[in-house]
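Chains X and U supply the protein sequences, listed in that same order. With the working numbering as the guide, the letters of the first sequence map in order to residues 1 to 303. With the working numbering as the guide, the letters of the second sequence map in order to residues 1 to 66.
Hints are not guaranteed to be accurate.
[Claimed, not checked] Okay, the calculated bits of chain X under chain U, using three or more residues with CB under 8 angstroms as the criterion:
id: 1; region: 49 to 59
id: 2; region: 93 to 100
id: 3; region: 237 to 251
These are calculated hints, taken from the structure and not from any lab test. C-beta atoms are modelled at their ideal positions from N, C-alpha and C, and glycine is treated no differently.
Residue strings, one per chain:
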Amino acid sequence: MSELRFQELRGEQVAYAIDRQERTFLPPAEHCPLCPTRPGGEPTEIPFATFEIAVFDNRFPAFAAPHGAAEVVVYTDSHTGSFGTLSAERASALMWVWRHRYAELGAREDVAYVLIFENRGVEVGVTLHHPHGQIYAYPFLPPVPALEMAADARLGGCAPCELLRRELEDGRRVVYENAGVVVYVPYAARWAYEAHVVVRAHRPSLLECEPGELDALADGLQRLVRGYDALFERPFPYVMAVHQAPTDGRADGHLHVELYPPLRTAAKLKYLAGSEQGAGTFISDTLPEDSAATLRRAIADVR
Amino acid sequence: MAEHTPQKLDGKDKRSESFGPIAFTRHVKDDGRALLLYTRRHENGEGDDTDGDKGAGEGAAAGRRS
Numbered sequence: 001m002s003e004l005r006f007q008e009l010r011g012e013q014v015a016y017a018i019d020r021q022e023r024t025f026l027p028p029a030e031h032c033p034l035c036p037t038r039p040g041g042e043p044t045e046i047p048f049a050t051f052e053i054a055v056f057d058n059r060f061p062a063f064a065a066p067h068g069a070a071e072v073v074v075y076t077d078s079h080t081g082s083f084g085t086l087s088a089e090r091a092s093a094l095m096w097v098w099r100h101r102y103a104e105l106g107a108r109e110d111v112a113y114v115l116i117f118e119n120r121g122v123e124v125g126v127t128l129h130h131p132h133g134q135i136y137a138y139p140f141l142p143p144v145p146a147l148e149m150a151a152d153a154r155l156g157g158c159a160p161c162e163l164l165r166r167e168l169e170d171g172r173r174v175v176y177e178n179a180g181v182v183v184y185v186p187y188a189a190r191w192a193y194e195a196h197v198v199v200r201a202h203r204p205s206l207l208e209c210e211p212g213e214l215d216a217l218a219d220g221l222q223r224l225v226r227g228y229d230a231l232f233e234r235p236f237p238y239v240m241a242v243h244q245a246p247t248d249g250r251a252d253g254h255l256h257v258e259l260y261p262p263l264r265t266a267a268k269l270k271y272l273a274g275s276e277q278g279a280g281t282f283i284s285d286t287l288p289e290d291s292a293a294t295l296r297r298a299i300a301d302v303r
Numbered sequence: 001m002a003e004h005t006p007q008k009l010d011g012k013d014k015r016s017e018s019f020g021p022i023a024f025t026r027h028v029k030d031d032g033r034a035l036l037l038y039t040r041r042h043e044n045g046e047g048d049d050t051d052g053d054k055g056a057g058e059g060a061a062a063g064r065r066s
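When you get a sec, could you build the whole thing from the sequences and use the hints?
Structure (structure tokens):
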């Protein structure tokens with residue numbers, strides 16, 4: 001069971017989930033807990049011989065009822081591959097799974113905010129290689145969505161709508177677009193190849209999206225991560241976070257997905273060091289316009 | 001489409017529920033944790049389309065408190 005403590009100097013909650021020290025750490029493929037349970041084989045988290053997409057309560061939860069939830073979303077029963085290599089149909093189905101989990105978890109009284117995310121690569125702390133993501137349902141509003149609410153107030157309306165308008169008007173940082181979403185490296189990106197996938201229409205969450213918009217979101221995300229992999233011709237680590245409206249009724253939101261890749265070159269990582277941790281100010285070696293041009297070419301090349 | 005070979009984890013038959021173009025079944029693992037298995041629905045009809053998820057706008061009340 002986790003314990004929340006409030007860090008007064010930062011004005012933020014810290015969750016202590018000490019059982020997570022014992023969680024499975026980079027097991028060999030034959031002992032993967034996210035693979036299906038093969039007949040006569042070792043039991044896994046999913047006691048079925050095959051499956052399409054599975055969701056289950058995390059065995060090592062950072063949050064659990066009656067103070068939130070932590071779930072694992074397994075994209076496929078195949079141990080290899082990634083979000084980027086899923087078929088378009090499966091990626092679209094995954095958007096509907098995300099939508100369903102947001103609806104169910106968000107309706108709970110003990111949940112104020114639902115974060116759907118994926119950590120990809122050991123560089124960002126992945127402990128299982130099987131293609132999967134996670135969902136944390138927080139019993140409080142975390143700092144990042146609170147900052148987005150402050151941005152709405154500062155800009156006098158929906159901040160993602162205004163930022164999307166500015167990015168489209170400028171154009172230099174847009175790396176991909178389709179009928180439903182625009183993908184761009186933000187004007188003030190913190191990471192060299194940070195990218196935001198923003199739904200064009202004002203949709204607070206996945207729940208308000210038309211089916212075609214969910215397909216477009218899946219397409220935009222897959223185009224981006226395939227471009228990432230092509231960029232340095234290696235699996236590209238990232239943190240992917242789906243930003244949606246809080247579920248406690250206190251605020252609106254604008255569905256967008258932010259990706260934070262730690263690589264700044266093929267072999268060099270960006271570390272959060274003195275300025276980032278001690279002062280909260282990112283220092284970047286790369287101009288967003290330059291990395292956007294590189295990323296745009298990489299995405300175009302894998303079409 | 002993957003073929004499920006469901007085990008009766010909690011001793012009950014599972015009814016498939018639908019949500020837009022996907023269907024899912026709920027299970028309870030031996031240690032009490034929930035497990036949901038999702039499939040894409042096909043035209044020859046896994047589940048039905050009667051649970052009211054119809055796209056833009058209508059889902060908000062179900063997913064967020066006001």
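Quick rundown of the hints versus the structure:
no., hint, in the structure
1, 49 to 59, "holds (count 10)"
2, 93 to 100, "holds (count 5)"
3, 237 to 251, "holds (count 5)"
Going through the hint list in order, the structure satisfies each hint without exception.
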